[in-house]
Each structure stands twice: as C-alpha cells, then as structure tokens.
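Protein chains: 2
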Amino acid sequence: MTFFIDFEPNGRRVPGKDGDTILEAAQQAGIMLNVTCGGEGICGHCVVRVMAGAVSAPNVNEETELGAEQTREDWRLACQTHILGDVRVHIPPESLATAQRTQTEGREIPVDLHPAVRSVEVRLPEPTIKDQRSDATRLGETLGIPDLHIPLSVLRTLSNDLREHTFHACAFVRDSTLVGIRPPGTPALGFAVDLGTTKLAGYLVDLASGQTLASAGAMNPQIAYGEDVMARISHTMSKPEGGEQLRSTVVAALNSMAGELCVQVKRSMRDIADAVVVGNTAMHHLFLGLPVRQLGLAPYLPAESAALDLPADQIGLALAPAANVHLLPNIAGFVGADHVAMLLGSGMLEHGGIVLGMDIGTNTEISLIAHGKHYACSTASGPAFEGAHIRHGMRAAPGAIEKVVIHDGQVLLQTIDNQPAVGLCGSGILDVVAQLHRAGWLNERGGLDLSRGGGRIRQGERGAEFVVASAQENGGREITFSRSDVNEIQLAKGAMRTGANILLQKAGVSEQEIDAIFIAGAFGTYLDVQSGIDIGMFPCLPKERFQQVGNAAGSGARMALLSTEKRREVVAIARRVQYVELTTEKSFPSLFAKALMLE
Amino acid sequence: MTFFIDFEPNGRRVPGKDGDTILEAAQQAGIMLNVTCGGEGICGHCVVRVMAGAVSAPNVNEETELGAEQTREDWRLACQTHILGDVRVHIPPESLATAQRTQTEGREIPVDLHPAVRSVEVRLPEPTIKDQRSDATRLGETLGIPDLHIPLSVLRTLSNDLREHTFHACAFVRDSTLVGIRPPGTPALGFAVDLGTTKLAGYLVDLASGQTLASAGAMNPQIAYGEDVMARISHTMSKPEGGEQLRSTVVAALNSMAGELCVQVKRSMRDIADAVVVGNTAMHHLFLGLPVRQLGLAPYLPAESAALDLPADQIGLALAPAANVHLLPNIAGFVGADHVAMLLGSGMLEHGGIVLGMDIGTNTEISLIAHGKHYACSTASGPAFEGAHIRHGMRAAPGAIEKVVIHDGQVLLQTIDNQPAVGLCGSGILDVVAQLHRAGWLNERGGLDLSRGGGRIRQGERGAEFVVASAQENGGREITFSRSDVNEIQLAKGAMRTGANILLQKAGVSEQEIDAIFIAGAFGTYLDVQSGIDIGMFPCLPKERFQQVGNAAGSGARMALLSTEKRREVVAIARRVQYVELTTEKSFPSLFAKALMLE
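In the order they appear, the protein sequences are chains A and B.
When you line the first sequence up against this note's numbering, it's residues 24 to 622, in that order.
When you line the second sequence up against this note's numbering, it's residues 24 to 622, in that order.
Quick caveat, the hints were computed from the structure, so don't treat them as lab data.
Some clues are possibly wrong.
Copies of the same chain look alike in the list, so a pair counts if it works inside one copy or between any two.
To be verified - With a cut-off of at most 30 Å between alpha-carbon atoms, the simulated DSS-like pairs for lysine-lysine come out as follows: (1) K153 - K617; (2) K396 - K529; (3) K609 - K153; (4) K396 - K617; (5) K153 - K529; (6) K617 - K529; (7) K153 - K396; (8) K40 - K396; (9) K609 - K40.
Just so it is clear, the structure is predicted and the values come from calculations on it, not from any experiment.
Extracted from the complex, chain A is given alone in its bound form (with noise of 0.2 Å):
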C-alpha cells in the first residue's frame, strides 16, 4: 500500500510504502536528518513531530529518548515510528543535518604553480590516404611527445574526438599522458577535497592561474552509518557490503558536489583534469574502498600510507576520463593526510621556531616542530564540540548558542543567524564552559556550585545543571547544559591537552618556548582562544601567539593541486614525522587525570 508523507516547513511530498520508517521518507525526500546512530533509535537526535496520520507506537528507545511526556505530545524518532497511512510530520532546525555551517575558508597560501596537468590547444594535420599516422601518433607529433601515452579511457573516444572537433581542440595532459580532449579554448579546472569524518569542503580551481573559482561544504552522509571513525570501522565489519556502502555514499557525494561547482561556474566534471583529496586514515581508506578491519584493531595498521595518484575513474569520481585523484601521504592509522594538509596549509612549516599545531575535530591531530624535529599524535578528542554527547548540544546551525558571556551575573548569549536559539554549537560549549568557571561557579574538578548562579544553577534528574537559557527566555524552549555535559568537555579538552604535553616532554620543550600555536578546523575558527586556555585546553601563553587558521587541510589541498613540488615536499615531511603512540606512553594516565582539571 503506498501511502504520501508531507514534510514541514519545507512542503516536500514523498510517497511511502506501509512500514516504512519516517526516516526513509525523510530521505526519500532529500531531507537530511540528523542520524549519529545510523538509524539505530539511540542518539535520539532524528526527533520529528507527527502532526497528523497513522503511525506506529512509541517504542522503547523513544521512551528512553524522548521520555513518556514527548512521546504523548507525538515528538517522536523518524527512525523508529513506522508509516501506516498518509502522514504529516514537522521537522524542527535541530533534527536537521543539513543547513548547517560548513566551513570551507582557510589560508591562502601562494605557491608556485605547477599544477600537474595543463591544457595545450593543438591543431592536427588532417589525415590522407598518403599519411595514415593513427590518430594517437598525429597527436603525440603534435604535442612534441611522440611516446604520449594514451591511457584506455581516452583512446576509446580520442577518434571521434578529434573529428568532432575537426582536429582542433584542448589536450589535457600529464607528463606525458593525455588526460582528456576537450573543445578549443578549455582551461584544465582542478577539484581539492577535505574530506572530514563530519563534514566535506570542497573546491574548484584554475589550475593555470591558481584561483579558487567555487567553494562548497556539505555533511559527509556516512555520517547516517556512524557518527565516528570507530562507529564506521564496525559499520564495515558489521555487514559485508558496509564498506561499500561508506565508499559509494561518499563518492556520490563529491561527485555532486564536483557537479554543482562546475553548474555555478558554468562548466562541465569533464574538464576537470585533476583533482587532490585529503581525509584522516580512516577517511582515506574509506574513500577508496580500502579494508578498515586492521585499522581498528590493535596495533591500527593502515593498508597504505603513501602518497597515492589513482585514477578517478576507479574511484568513482566523474572527471576527465583520465584524471588522477592525488592522495597525499598517511603518517600513521590515526594521523593522515589531512593532517599533512594542514600542515601545508597553516603555514605552520615556514614559521620557524618551537610551532604547535591543532587540527581539531572528532579525533584531533597534533603536531610539534621543535629544534629540527617534528613530532605528531592524535587524540581521540570526541564529537563533544560537534554539539554530540552534549544535552543540548547541536552542529554550529542556525539558531545555534555560538558565544555566552555571563557579566555580572547576567547571560548573554549570540545564536548563528540570530535565530531562537534551538541548542549550543561547540564555541558556545567552550563559552559556556568557560564563563561559568570564570565566574566561579563551576569548580576546577567540574562540578556546578547550586548556591551560585542567581537561580540559574539547579538539581536536575541527573544532577546539577546550568540553565543557560530559560523558557521564558527563549520563546518556551529551555536550553541547560548538565553536570555530565561538563564532563564530556573535560574528557575532550584533556585528551588535546595531554597529546600537547606528550609532544612537548618528546621534544624536551617547556610550554612557555612555544613561539606560536596553529588552531585549524571548523571548531577552531569559531572558538574563543581565551575560553580555550581559561579551561585549560591550550597553554596559558599571550593570545598573540595563537593562530586560527581556518580549514587549513582545505587550503593544504588546493596548495597540493597546484603543485606538484608541494606534493613532493610533504612526502619527506611525512617520512619525517616521528609518530607518538598516546596509548603506550607511560606518562599518559598521569598526564591525562591531570589535563582533566580546569585550570
């Protein structure tokens, strides 16, 4: 029985067959729900209101959720409540996974081009009865490389190519490979990726004059199959066909994304000629449909960890027939490419001096350049600032809690787009966080003083919590972060702190010689440099020395897509790096209990 599924506020119509879930439909209709648990009922942040229509009954794990009272008033997960006749539901801003800032800003560095394709306009003599050269022969003499080598891709369409164009027409070309032939006049276009457990940022580039011609951001949509890089390991071990799964929905991804860069400026995926994309390990692995199993397990072995050039046809990706897609280097299971991206990308290389960089996200990598060596480690930092884990925690959307300031006893808050604030995005989590300790009534050990806060600190269900703003306030939602939401921030800020102090024992370097410290991520823009050292997250050092350089694994790859000397750089700089082990360092459990306090 097909029954038709009404979304608010956006009015999509979708049909649906009898038990489907609300979230298939949602889906159906293009509509991105946020699902950290992949569907599984648990994360209870696919929470939809059904306005009218037959529905299943609330289950256990809306019960658990959203509580009996929600459930009363049909606040229900899209996950779990099964279609059973014409339905509509209304999806409120914090449910969706869409719309939300994805930040694609960061440096940009000039580099030196050398792009690894150009685009050579020829004109071929045209063939008689008395020259009967092939066509790849005509072209290779053409271009003056008479070894061209013609990968399969293009041979398969080079001749009616070249007649369709009457023998002139754009060689794209390699070294010595032809690319792609496109009509007179077609400059070579390159796309660079960063390609985060969260989010993607994607860009369009002119290779031969090195400008950023389109940006975009988009959720990564494995983000339905795990929140994180461990959810999605499992996710491959789970079901035989996941890894495909995580591999396609990826690709699918960027090649649309790839297509709606090239719509805005008005050109086509296939004059795109090369491309360069960068991801932790695991992204990495994922992308190109590598097995994960071993990168999961103890010792966390990647398959590969050199630069890689593969062709896009095999990945998936829908470019010039023969485009490469560039991977820059892993240096170990928990420390990728998009760190070495970053590393390229913040500047952080040329600085000189004792430089500390943080690239921080769900695991956050860390790297120390300190007398002529480079140290690197990863933490496993956790989603926390992406808003997960948090009660009220929510992806940096409209209507987010971006900055808090309480003042004289008085909060202050900013939301994105000034809308009602529907939930808190990570800098507001660090504020909050912050400001409360600074006013004194949070405590360095986390724990909330009930008799402080004018009111706004009281015992909740599980404890203390901080009202951070009241119904009243906020147009009768009321937004409160929890005693155990500080704890999350502790554990997450202590897992940076303690990779910091590791690094800096490694290097026999004290906090204080640090000369400048990088911040990159979508999180680090955002953040306040001074609530991240008031809790203790980053070294107590001038604010001068800090840096935010943005998404700066993004402008690593564009810098790589522009440069093949670049590319070439970061393969010693990889080889370089001495790879720090968290785990098995004896002063870590000390270290870490210490890093847990606010300072």
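Got chain A; can you put chain B on it based on the hints?
Chain B alone, transformed into the frame defined by chain A:
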C-alpha cells in the same frame, strides 16, 4: 508460451519461447551454428532440418538460399525459422561452426627469459604497536622496493590477503608495481592470445620457465556479427551498441578460454600475471573497445598504433588484479599487431637475405625484407580459403576434404578424420584448382573444359562445374566445384600475388632473388606448396625455399610474453616498416589482372 527444442544428433534439449528462432535456441543449447552473415538469412550457412514440430513457413531468404525443393524437405535456415511449438531439429555437421580444426601449433623459437612479471616469495615482519608501518610500506621494504606502486585493485585486498596467508605469500611484481598477492609457492603465469578474425588461439605459459603449459583454439564468436573485418566495422556503425557487443563477446570468449586452460593445469586465473594479445588492427581495436569507424573509411586510420600496456581489469579480463595486457604495435590500418607477432614468431627476421613472409587469412599481410629495408602491405584475399563464398566450401572440420589428387583421370580425396566428405576446406580447394589445372581440365583463365574430366565436368545451373565427389561415391551427398568457385580462388590468390609483386617492385628485387618465403596461418600450415605454385599463388621457386611456420602470430605472442626485450625490439621493427598502400599504386590494376591468371 514455452516450448522444448530437441537437437540432433547431440541430444541437447532447451526451453524456448514462442517466436524464438532455431538459431537462438541453438545458442541457448551451446551449439554454435555457422552464421557468417550474423543471422540475416543471406549466407545460407546455418542450414538445419526440422524433423518434427511446428515452425514458421519458409520465407523469401530461405527460398533463395535453399531452393523450393529443399525447403519442401524441411531443410531450413536456423536464423529465419521461428518456433511455434515443441520442435526436433537435426543439425548437419557442415552447419556447425565448432569442432573444426583451430590451429595453435607454431614454432617454438627459444628466447632469453625476461618476463614482465616475477613471483617473489615474501615473509613480512608481523606488525606490533611499536611498528605501525602500513602494510604497503612493510611489503615494499621486504621486497626491497621502497617505492612499491600498488594499484587500487590490489590495495583493496592487500591487508586481508597478507593476513589470510599470515604474512607469508607470493608477490607478483612488475618493475616496481605489485600485480597481486597469491599463496606461497605460486608461480606467475602468462596468457598469450592470437586474436584472429575467424579463430582464437590461446596459450598458458609459465613465466619463470618459459614452458607452454596448455593451449587451446576456439572460434572468434564475433563471427556471429559479421564474417570479415569490414562486416564487423559496419556492424559497429549500424547499431549504437554494436561496438560494445563485439568487444564484450570476444572478451567473454577469452575469459572462458583462460579459465579452461587454468582448469586443465589446476591453476587459478588469478595466477595469470601478464598477457599478450595480438590481432589485426581491427580486431585489436574491437577488443579494446576503440572506435573503428575511421578505420573502415579512407584513409583507414587506426586510433592507436603504439604498443600498449593496459590494465586487464579495464579490458575486462579476470586475471591477477593488476595484470596488464600487452598489445604489440600496429603498423597500419590493415597491417596489425598480429603481423608484427608473425614477424617475430616465424623466425624470418633472423633469416637474412631477401625474405618474403605471408600470413594468409581473410586478410593476407605480406612483408618483404630486402637490402636492409622492410616493406609491408595487406591484401583483401577474402575468406574463400576459409571455405566461405565457395558453394561446397567449409572450414577445416571433420569431413572436410583437405587433399585432392587427380591421377590418371581418377579423383582421390582425403577428408579430415576420414569422415564421409561434407565439403571442401582451404587446402582441398587449393588442390582442386591446382589439380584441375595440372590435368589440363581447367585453362589459365579459369575455364573448365566440358570435353575433359571423364564425365566429371558438366554444365550446371550456373555454368560449368566439376564433380569432386558424386552422390554415388559419397553416400548420396554430391560435392561440386563450379566456375564461379574457381573465380573466387583466382581473386584470392591474385590479390596475394599482386601484393607480393608490388613489394618486390618497391624493393627492386626479382622473384628469383627471394631466399626464403615464410607461409604462416592455419590454412598456410596445411596447404600444399606445390599446389600454390601451380596456380600462381606463390612465385615459382624451389620448394626448399618455402617454410610453413604455422601459427607464427601465436608463437610471436608467446615470445613477447616471455621477453620484454622482444617487445622493445618489435617496436623498433614496426617503426622501420614502410607500409605500402596497394590501392594507390599505379601498377596495381595491371599487376592484379595478370595475377588472376592460373599460370
């Protein structure tokens, strides 16, 4: 409605739908009928007899091909006859495309072994938390190839493969590329293929020892889409999917051939680490899925003429994951890589002096080496010596007359496998013409003398004809050879001889100066050289100057498989060859007219 179709004499039964042709049912049953016109009802080769059951009425094609009387006796064209109920069908041997002599034998010229791929047994150090180098890195270092290149297809299973064999395995290595991981003790195999217009010959070779482990011949199944090169080219032009049909058909045939050869020697196709495929330029292009339109129209341009190394998986051959297929260079549109292989495999390059080489087939390619120069041409000799266009012609299958002697007015016949005669194959056809001419029953212009032959030469429906075997002598089946059959042979041998003569003219060499003539190809193996001299197909030279070298293209393919040096050598040879386009030669018409004469 589903019916059953029973085939005699092999007893196979298949289900068929209302309206299916008998040809389709036979294909279902794995019975390969001779359909040189591609099932258009015009070649008249797929003759079958409907013994029982309801079928469609004979159509105009059948009346034309078979005559009213035959159709009255239920002789039908399988491609034109539609099934209307359960049917029993008899297939006479001459209608079968299979079971014929497909020749794989050729010279085995010893070569220094320099295979492209070697099998290296490795034991990797087991990973530990202190040694987190990637699987690729540890394999590269164990092999002593730090920059080991691992194609994506191999990388995708590398980690699992290594663990399956507990880090002890055979690595197939080509230069610094990993071709595959196999169990310890696995030698690397190679697959050499002569991809003929009519026949396929395949060889499974041990790359380390150079030994041919098994060989097989099969029909080229593309024959269902057209008998000769031009018919197949026009097939690709008449249907959008035509090229892909031809490509996938022959790729599937090579996959089954490789599979069968591997079964014979109890090995896996994954053990095949390298392949060499040779064919004429059109077969080469169709096999790779390259466009052939420009090859079929003047000025007959190949898309590609260079030697190629292409990934087997891109081509569709299921060998070791990163096995390559090597294709020898093409010389021109109608002198392809198979001729290059023949030059190599015949031994004519090493002979010295003035050497003529002819690879006789539907197209006959001819090379002349004289005074340090090398000329080559191609002649459209046609399929007459394959038995096509000859009234009682057939391929070299059991029951084919392969030798004919006229002695004292007596006609003596020898058939393949001593079966009752069903028709004449190439060597028999050549003998008939030569023996008739020598007996004085046939004049030099191709006229049969009705006054001679002791009653065996008579006036037939379409002119004079010679009774090769009377119904009385041959169990009721009469086999004749007509004036128009003689003309086909005159055209075929005239084309070959003209090609040779023009090359001699170019080189300024007389026939008598030729030191050696190499005759290659299946028909070339079995023909009687004296008969060839008698009808003027070959120059009149002492018989010891002739060498019948069998499937020299197949031998050459094996040599190229075993030696990358030979591959390099033939690239230089192919470059040096001066291709002679016969159609633009002024002397062509007069030389051709002269060469039509039976000498």
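Hints that the structure is at odds with (numbers, increasing): Hints 8, 9 not satisfied by this model.
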